[in-house]
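Line by line, the protein sequences give chains A and B.
So for the first sequence, this note's numbering puts the first residue at 1; every next one is plus one.
So for the second sequence, this note's numbering puts the first residue at 1; every next one is plus one.
Please keep in mind that the hints were generated in silico from the structure rather than gathered at the bench.
All values reported here derive from a predicted model rather than from experimental measurement.
Among the hints, a few may not be true.
As the list claims (entries may be wrong) - Derived CB-CB ranges, DEER-like:
{"id": "1", "chain 1": "A", "residue 1": "HIS216", "chain 2": "B", "residue 2": "SER56", "range": "50 to 60 Å"}
{"id": "2", "chain 1": "A", "residue 1": "GLY22", "chain 2": "B", "residue 2": "GLN229", "range": "49 to 59 Å"}
{"id": "3", "chain 1": "A", "residue 1": "ALA117", "chain 2": "B", "residue 2": "ASP277", "range": "35 to 45 Å"}
{"id": "4", "chain 1": "A", "residue 1": "LYS129", "chain 2": "B", "residue 2": "GLN229", "range": "57 to 67 Å"}
{"id": "5", "chain 1": "B", "residue 1": "LEU146", "chain 2": "A", "residue 2": "LEU5", "range": "49 to 59 Å"}
{"id": "6", "chain 1": "B", "residue 1": "SER209", "chain 2": "A", "residue 2": "ARG12", "range": "28 to 38 Å"}
{"id": "7", "chain 1": "A", "residue 1": "ASP66", "chain 2": "B", "residue 2": "HIS237", "range": "56 to 66 Å"}
{"id": "8", "chain 1": "A", "residue 1": "HIS11", "chain 2": "B", "residue 2": "GLU256", "range": "30 to 40 Å"}
{"id": "9", "chain 1": "B", "residue 1": "ASP54", "chain 2": "A", "residue 2": "LEU5", "range": "30 to 40 Å"}
{"id": "10", "chain 1": "B", "residue 1": "ILE143", "chain 2": "A", "residue 2": "HIS11", "range": "53 to 63 Å"}
Claimed, not checked - From the structure, some residues in chain B lie toward chain A, with a derived Cβ separation under 7 Å:
{"id": "11", "residue": "GLN240"}
{"id": "12", "residue": "PRO270"}
{"id": "13", "residue": "ASP271"}
{"id": "14", "residue": "GLN272"}
Glycine included, every Cβ here is placed at the ideal spot set by N, Cα and C.
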Amino acid sequence: MQKRLIEEDLHRLRDKLLLMGGAAEKAIMLSMRALLERDSELAERVIREDDIVDQIELEIDQMCVDILVLKQPAASDLRFVVSAARVAPSVERIADHTVNIAKHALSLNNEPSIEFAFDLQKMAHVVQKMLIDGLDAFTAGDPEKAQATIQNDDEVDAYYDQCYAELIEMMTRDSSTVARGVQWLGVIKHLERMADYVTNICEQIVYMARGQVIKHSVW
Amino acid sequence: MQSGSLVSPNASTPSVPERKSAAAEIRGQDPAVIAKMSIANLSFYYGKTRALKDISLTIPNHQVTAFIGPSGCGKSTLLRTLNRMNDIIPNVRLEGRVELDGQDIYAPRTDVVSLRRRIGMVFQKSNPFPRSIFDNVAYGLKINNLTHSKAELESRVEASLRAAALWEEVKDRLKESAYGLSGGQQQRLCIARALAVAPEVILMDEPCSALDPIATQKIEELIVELKEQYAIVIVTHNMQQAARISDLTAFFWLGELVEFNQTEKIFTRPDQPMTEDYVTGRFG
Chain A
1 MQKRLIEEDL
11 HRLRDKLLLM
21 GGAAEKAIML
31 SMRALLERDS
41 ELAERVIRED
51 DIVDQIELEI
61 DQMCVDILVL
71 KQPAASDLRF
81 VVSAARVAPS
91 VERIADHTVN
101 IAKHALSLNN
111 EPSIEFAFDL
121 QKMAHVVQKM
131 LIDGLDAFTA
141 GDPEKAQATI
151 QNDDEVDAYY
161 DQCYAELIEM
171 MTRDSSTVAR
181 GVQWLGVIKH
191 LERMADYVTN
201 ICEQIVYMAR
211 GQVIKHSVW
Chain B
1 MQSGSLVSPN
11 ASTPSVPERK
21 SAAAEIRGQD
31 PAVIAKMSIA
41 NLSFYYGKTR
51 ALKDISLTIP
61 NHQVTAFIGP
71 SGCGKSTLLR
81 TLNRMNDIIP
91 NVRLEGRVEL
101 DGQDIYAPRT
111 DVVSLRRRIG
121 MVFQKSNPFP
131 RSIFDNVAYG
141 LKINNLTHSK
151 AELESRVEAS
161 LRAAALWEEV
171 KDRLKESAYG
181 LSGGQQQRLC
191 IARALAVAPE
201 VILMDEPCSA
211 LDPIATQKIE
221 ELIVELKEQY
231 AIVIVTHNMQ
241 QAARISDLTA
251 FFWLGELVEF
261 NQTEKIFTRP
271 DQPMTEDYVT
281 GRFG
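Please take these sequences and the hints and turn them into a complete structure.
Pasting the structure below:
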């Protein structure tokens, strides 16, 4: 069959979005390392490299507009382009949260460390895995995988509640930890928000694959 | 608009109440939509070639219904069965039923002239008569004796030209030849001519295919305005046009109706894989 004119544009858009997703995924890992290994240079790098993600978002936005106006896609092609236009800002927001974590790291790295039992690495790992699975689902156009990924948001929320309680308890017990505790509260909130953005991405994948809108609904 | 009779004035015509549209069964369709025409198990043959295969669908009133599909899929043939334009083609045969307001338009006593007055048609290429702008619009009114005075005739002509969004452009040159109009104006004149005899359904066979983008836009805006008063059926090769102006879209393939659905659904999440392949340009 003759190759459709739109095919190349859709491939380029998909590749660009995966590139962006990969950058955000890496930023999650690096920002957590910067925090847990108290590596301020790494934190600076995360902040610096966010410009790359921002730039890719602008490119994706323009690509989507170009495809819509020049190729006038319909049906699954249209849903793909619309989804890409909606997914890219979510990925960009995830990257912004890693920047915020990196900024917390820069601040916390200058303070004495505090010990708490909660395994933050595990929470970050679940968030990172959610993003990887979400991007895989996007590449494969796999709504089942997207829906399975959404389920993991509950796990992140549970981690958040657990860590939140522990930090509050710590600050109540020892007022000298309040300034740092508030920073850590910010870190877990950023992780929790990232998982929400992955959820948005996965909801969009379901729309892309099936034309079914599942956001704001119980399914 | 008052529904007319399809049979000669002498025959008794039972009044048929307007029925709820089968199109209302389409998911999301407003149940208040009223059926204007119904096509049931329609097959059409050119000699031994079956050009339409067991088509059933309903044309709702006050909506634009678009027929799309690749060349040779039968969409124009189906359009022409709706006002019996195919009657003039030799060696054709039709099975099934086509109804206007519940009355079989292929019933033996049907007055075809009356039928075509109630179901007007606009063709791909504008075809004004070699007469003045005024006479083009007045023609149908005169031969059908639909007006009783010169003033009434002038009033109906003006109303038709206004309805076709052409009045302001031609009001000062009504006596000039219709051939002096641009292509887009000629097509709107043909629409005015169709509107003059107060039809209930307007069939349009690729009405913009010979027009430039500006003229096309004017016709499209006109079609959307006209649906307030008429049932409109349009055959188009331009899928973006179908998406822009129609409420319902029927997709045909090799004489079969593949999918009939709300236009928005056809172009964003069609039910049938074949429709998906067609609207995304994978075939056709």
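Verification of the hints:
Between A/HIS216 and B/SER56 the beta carbon distance is about 37 Å. The supplied range of 50 to 60 Å is therefore violated. Against the hinted window of 49 to 59 Å, the Cβ-Cβ separation of A/GLY22 and B/GLN229 comes to about 57 Å, which satisfies the hint. Remark: the range hint 35 to 45 Å for A/ALA117 to B/ASP277 is contradicted by a beta-carbon distance near 57 Å. Range check, A/LYS129 to B/GLN229: about 59 Å between beta-carbon atoms, so the 57 to 67 Å window is met.
Our hint of 49 to 59 Å for B/LEU146 and A/LEU5 holds, since their Cβ atoms are close to 51 Å apart. For B/SER209 and A/ARG12, the Cβ-Cβ distance of about 33 Å falls inside the hinted range of 28 to 38 Å, so the restraint holds. For A/ASP66 and B/HIS237, the Cβ-Cβ distance of about 25 Å falls outside the hinted range of 56 to 66 Å, so the restraint is violated. At about 33 Å, the beta-carbon gap between A/HIS11 and B/GLU256 stays in the expected band of 30 to 40 Å.
Remark: the range hint 30 to 40 Å for B/ASP54 to A/LEU5 is upheld by a beta-carbon distance near 35 Å. Between B/ILE143 and A/HIS11 the Cβ separation comes to about 60 Å, which falls inside the hinted range of 53 to 63 Å. Annotation: interface hint on B/GLN240 holds; nearest CB of chain A at approximately 6 Å, less than 7 Å. Because the closest C-beta pair between B/PRO270 and chain A is about 6 Å apart, less than 7 Å, the hint holds.
Given hint, B/ASP271 at the interface with chain A, is violated; its Cβ is 10 Å from that chain's nearest Cβ, farther than 7 Å. For B/GLN272, the suggested interface contact is broken, since its CB lies about 10 Å from the closest CB of chain A, more than 7 Å.
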